[in-house]
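From just these sequences and the hints, can you work out the full model?
Using the numbering used here, the first residue of the sequence shown is number 769, and each one after it goes up by one.
Watch out, some of these pointers could steer you wrong.
To be verified - Below, computed lysine to aspartate or glutamate pairings styled on EDC-like, alpha-carbon distance capped at 20 Å:
| no. | residue 1 | residue 2 |
| --- | --- | --- |
| 1 | K909 | E893 |
| 2 | K909 | E898 |
| 3 | K909 | D944 |
| 4 | K984 | D1059 |
| 5 | K937 | D921 |
| 6 | K854 | D921 |
| 7 | K858 | E1045 |
| 8 | K994 | D1059 |
| 9 | K899 | E857 |
| 10 | K984 | E943 |
| 11 | K854 | E893 |
| 12 | K909 | D921 |
| 13 | K1035 | D1050 |
| 14 | K937 | E915 |
Said to hold, decoys possible - FRET-style restraints, in silico, Cβ to Cβ:
| no. | residue 1 | residue 2 | range |
| --- | --- | --- | --- |
| 15 | E862 | G1049 | 20 to 28 Å |
| 16 | T1078 | V865 | 24 to 32 Å |
| 17 | E943 | K877 | 44 to 52 Å |
Hint data in this document are derived by calculation from the structure and do not stem from the laboratory.
Predicted, not measured: the structure shown is a model, and the values here were computed from it.
A virtual CB, placed ideally from N, CA and C, is assigned to each residue, including glycine.
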Amino acid sequence: MVLALRRFHHFPLFTFLLLSLLSLVPVALADRGAISLTPGVSIYEPGQKAIIAWNGEEEILILSTDVSASGSTLALEILPLPSNPKAIEKASFESFVNLQSLIWNYASKALGDHYRGADQTKSVEVVFHEKIGAHDITVVKAENATELTNWADQFLRENGISQGISLQKFGPVIEDYMARGFRYFVLDLIALSLEQKSIEPILYRFETSFLYFPLKISSPVAGDSKITLFLLTPGRIASTVYYPLQIAYYQSPTHREPIQFTVTRGKLSLIDLRIGELFEGDAQLTVIAYDGPLSALTKDLMIAEQAITTSPESGFLYTVLIGVVIGASCTLIGVMITFLIMRTKRSKYVTSG
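Listed below in structure tokens is the structure:
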């Protein structure tokens, strides 16, 4: 479909955010790229938040960002996805509040005694457009990186951003996504101001055969970033698949424990009802983090099902229990048969005597 976009004449800046990320409990920072369209105007990123829930077939991604600018401006978020999103809906800050509460409530158990308290082109198709609160969201399907960057330039012009700015340095990164089969890109226009504020969260739901969060798309942007991701999965994730991110820890003056524990289905629903419905049972929460240059993010976070172990302890105990029950039953049957044989022989002996 052809999308008629309204024009913004009061926002001279464009922020290219290929993917917002998130914050951990007292600190709220994450990965996203920024390009200044007007010299001397910059974007500050004091806090970014994301919750990633994956059940092996579908992923729910809840994104929110705390941002401010040195002048009134417009920000564009671009989020590459492995499939066409099934749902793009408003989410709530309560999801982060409730998740934070779960993490701190588990701290005492983890630390124990240590705890102290645009117009379509041939290969760019607009498949979704909707305004949700402060977000003006467009989803496009693209087959060619050059066509996508050209379309994005036109998209900006149609929204009142006419300054000469090239997105060509993102071409190689977008081509990499294309080569890996990514065809869907979310473009989210957000109005920013001098006042720092939290942008209301947006929930994306899409099919994927792996847990996914895009990082590489921010690599062309200069500067450093702090990233914290809350991962919810059916089982425990192998510790070798996070790089360059690392697992986050509970920390006391004398002890530390990884932030990784089981969340019941009921508590998953407290985070978000849609996340509770995503899982058939409990889920494992793992928090991972990164602090360093964006240029070092040379690959996305992609975790295959094989890297997730689903409750190995419970499976082992179940197997042992079944073995014990079967063994005890066989022993009991054997004793009873022996008793009957001996009783029969004794009866014959008494009769013959």
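**Asked** Any hints this thing doesn't respect? Which numbers, in order?
**Response** 6
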